[in-house]
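**Q** Put together the whole structure using the sequences plus the hints.
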Amino acid sequence: MSYVRSLVASIRVGWSRDFGWTNPILGFSLKTIAPIASTMTALTILYIGFKNGASIASAQFPFLLGYIVIGATLYAHISAYSWVPTLAIAEGKWTFVFPQVYVSTRSSPPYLAGRCLASFFSSTVTSMASLVVAVVISLYLFGVAIPLVITPLSLFLFGIALVVNIFASMGLGFLLGAYAIFASKFEWALPTYVSGLLMVFSEALFPVTSLPHPFSDIGNVLPFTEFIRASRAVLLQGSVGSYVYYLGMSFIGGIMLLVLGLLAFKYAERRARRLGVLDRKVV
Amino acid sequence: MNPRASIWLKTVYARTWVRTKSIYGEPLWVAVNVGFPFFTSLALSLLYSSAGLKSGIGFAFLGGVMVSFWGNVLWSMASQFNWDKQQGLFELYITSPAPISAILIGMSLGGILGTAPSAITLAIVGWILFAPPANPLWPLVAVTFALTLASLYAMGMALSSLYLVYGREADSVNEALHEPVSFLSGVYFPASLAFPAVLQAIALVIPLAVGMDALQRTLFSLNSTGVADLTLVYRDILLLAIMGITLLFAASKALKILEEKGRRAGTIAVRLR
Numbered sequence: 001m002s003y004v005r006s007l008v009a010s011i012r013v014g015w016s017r018d019f020g021w022t023n024p025i026l027g028f029s030l031k032t033i034a035p036i037a038s039t040m041t042a043l044t045i046l047y048i049g050f051k052n053g054a055s056i057a058s059a060q061f062p063f064l065l066g067y068i069v070i071g072a073t074l075y076a077h078i079s080a081y082s083w084v085p086t087l088a089i090a091e092g093k094w095t096f097v098f099p100q101v102y103v104s105t106r107s108s109p110p111y112l113a114g115r116c117l118a119s120f121f122s123s124t125v126t127s128m129a130s131l132v133v134a135v136v137i138s139l140y141l142f143g144v145a146i147p148l149v150i151t152p153l154s155l156f157l158f159g160i161a162l163v164v165n166i167f168a169s170m171g172l173g174f175l176l177g178a179y180a181i182f183a184s185k186f187e188w189a190l191p192t193y194v195s196g197l198l199m200v201f202s203e204a205l206f207p208v209t210s211l212p213h214p215f216s217d218i219g220n221v222l223p224f225t226e227f228i229r230a231s232r233a234v235l236l237q238g239s240v241g242s243y244v245y246y247l248g249m250s251f252i253g254g255i256m257l258l259v260l261g262l263l264a265f266k267y268a269e270r271r272a273r274r275l276g277v278l279d280r281k282v283v
Numbered sequence: 001m002n003p004r005a006s007i008w009l010k011t012v013y014a015r016t017w018v019r020t021k022s023i024y025g026e027p028l029w030v031a032v033n034v035g036f037p038f039f040t041s042l043a044l045s046l047l048y049s050s051a052g053l054k055s056g057i058g059f060a061f062l063g064g065v066m067v068s069f070w071g072n073v074l075w076s077m078a079s080q081f082n083w084d085k086q087q088g089l090f091e092l093y094i095t096s097p098a099p100i101s102a103i104l105i106g107m108s109l110g111g112i113l114g115t116a117p118s119a120i121t122l123a124i125v126g127w128i129l130f131a132p133p134a135n136p137l138w139p140l141v142a143v144t145f146a147l148t149l150a151s152l153y154a155m156g157m158a159l160s161s162l163y164l165v166y167g168r169e170a171d172s173v174n175e176a177l178h179e180p181v182s183f184l185s186g187v188y189f190p191a192s193l194a195f196p197a198v199l200q201a202i203a204l205v206i207p208l209a210v211g212m213d214a215l216q217r218t219l220f221s222l223n224s225t226g227v228a229d230l231t232l233v234y235r236d237i238l239l240l241a242i243m244g245i246t247l248l249f250a251a252s253k254a255l256k257i258l259e260e261k262g263r264r265a266g267t268i269a270v271r272l273r
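Those protein sequence lines, which keep their order, are chains W and Z.
Residues in the first sequence are numbered consecutively from 1, following this note's numbering.
Residues in the second sequence are numbered consecutively from 1, following this note's numbering.
Treat the hints with care, since some could be wrong.
Straight line, CA to CA, 20 Å or less: simulated EDC-like cross-link-like pairs of lysine to aspartate or glutamate [said to hold, decoys possible]: (1) W:Lys185 to Z:Glu91; (2) W:Lys185 to Z:Glu26; (3) Z:Lys256 to Z:Asp84; (4) Z:Lys261 to Z:Glu26; (5) W:Lys185 to Z:Asp229.
Hints in this document: simulated from the structure, not taken from any laboratory.
All values derive from a computational prediction rather than experimental measurement.
**A** Below you can see the structure in the form of structure tokens.
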């Protein structure tokens with residue numbers, strides 16, 4: 001029961017950190033602008049390729065826009081909350097919040113999980129808003145309606161996919177957090193690296209099969225890739241069979257990543273306690 | 001030499017040195033800084049490729065190079081005084097005889113020198129991996145690049161004075177500005193090929209947009225004849241020069257006004273609001 005209370009309290013801390021400085025509408029608006037812009041950048045490149053290249057047929061273009069709008073939005077969603085544990089540790093060291101969390105036993109995993117969940121909820125709202133806005137802007141800017149399958153069933157299944165992806169993103173978050181405990185310089189940059197890698201390997205913008213071996217194989221088994229595929233299957237192709245398969249793969253991969261992340265974090269935390277570096281700010 | 005000019009120059013040198021040393025003293029920073037722009041450029045290059053426009057790959061890597069500087073302007077110029085305030089450094093600045101304008105100029109020069117290695121590394125890696133077709137007019141590229149950086153960093157100075165007033169809002173505003181400005185500026189693609197004329201005209205108030213347009217024209221000769229439209233390049237150069245001077249003037253004025261206001265209200269060094 002104490003875990004649940006810690007989790008809920010941490011979710012509130014996360015929201016307070018993200019939106020406490022302003023009113024929620026302004027806070028959400030500011031957080032929505034960036035994913036809209038990054039999604040529009042990818043869509044615009046596809047549009048330029050369509051207008052000036054020779055490999056995209058007119059009939060194929062709306063589908064490809066849908067492919068990218070889903071991939072780019074979900075990639076931004078994953079990036080937004082998987083780096084939160086690193087942020088909570090790095091920022092927490094400077095603001096003396098993290099030392100107060102770890103002094104009590106077994107309190108940092110629920111704290112980091114709570115911060116991650118807080119970010120998941122807000123990122124879900126901003127990602128969905130940016131998806132809708134990107135679809136509308138595409139209609140006006142490129143004159144193309146993106147053929148998304150929007151039904152109660154598809155939205156429900158997509159909602160489940162979002163929830164299932166929490167395991168993988170949280171697992172990645174704990175893995176990065178294990179490093180952040182020891183780092184005092186480059187921890188801010190690590191999530192941007194991982195985020196950049198995800199952009200290439202998670203099939204956000206193009207099929208991973210276009211990468212050379214073994215990179216395409218790595219991308220192919222990532223739970224994030226399977227999550228984005230499952231979302232495309234239900235929102236773009238309306239294929240429940242493919243959705244179930246991809247989501248199952250994402251779930252299995254996500255659980256494995258979460259277990260790995262938690263073990264790595266536990267080990268790192270124990271070692272950091274022994275070495276006395278848990279609140280180290282500067283090397 | 002005039003003592004005031006001497007102090008000013010010494011301050012510029014000192015601030016430039018500190019910032020440059022912080023990068024060159026830890027070469028791993030180059031690898032760290034190159035990470036995100038590299039992967040973004042790589043992903044967008046592969047998107048250009050899969051969209052059947054391999055000739056567009058150069059835009060993706062040029063964008064990565066310029067985003068390195070744009071990120072530096074936002075995070076290491078605009079926000080810097082706010083962070084200095086959090087750590088108690090800003091109090092030292094305002095109590096010392098060092099002119100704030102000299103500190104800002106030093107920060108800019110140090111920022112450019114510190115970002116250059118990662119930007120050059122990115123350009124070289126992009127060239128080795130993809131060898132994108134280019135038809136550069138080097139003298140114009142050099143002038144455009146220098147003016148773009150000058151006006152971008154002048155904008156950073158203007159923003160830093162503005163952010164001095166803010167507290168925690170600064171980081172959120174930075175996060176909200178980074179991507180939209182990159183998109184409107186056509187950092188990774190030629191805006192003239194994608195945006196309607198109205199949007200292009202609006203984007204002309206952003207130094208990065210003007211600079212990107214000129215760089216794309218002078219590096220990749222943006223038209224069907226394969227020869228850059230020099231009239232538009234000269235227009236961009238003129239605009240960049242005007243923006244640079246205006247922003248520098250605005251930054252100096254804004255800083256004086258806000259510093260004076262902060263001193264009177266006693267809020268200039270207040271850390272949390």
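**Q** Tell me if the straight-line CA distance from lysine 185 (chain W) to glutamate 91 (chain Z) falls inside 20 Å.
**A** At roughly 24 Å apart (the allowed maximum being 20 Å), glutamate 91 (chain Z) and lysine 185 (chain W) break the hint.
**Q** Holds or violated: lysine 256 (chain Z) with aspartate 84 (chain Z), Cα cutoff 20 Å?
**A** Holds, at roughly 18 Å.
**Q** CA of lysine 185 (chain W) to CA of glutamate 26 (chain Z), is that 20 Å or under?
**A** holds, 10 Å
**Q** Going straight from one Cα to the other, do lysine 185 (chain W) and aspartate 229 (chain Z) come out at no more than 20 Å?
**A** Violated. Lysine 185 (chain W) to aspartate 229 (chain Z) sits at ~46 Å, over the 20 Å cutoff.
**Q** Does lysine 261 (chain Z) pair with glutamate 26 (chain Z) here, judged by a C-alpha cut-off of 20 Å?
**A** Since the Cα atoms of lysine 261 (chain Z) and glutamate 26 (chain Z) sit roughly 38 Å apart, the hinted pair is violated (cutoff 20 Å).
Hint violations for this structure: numbers 1, 4, 5, all remaining hints satisfied.
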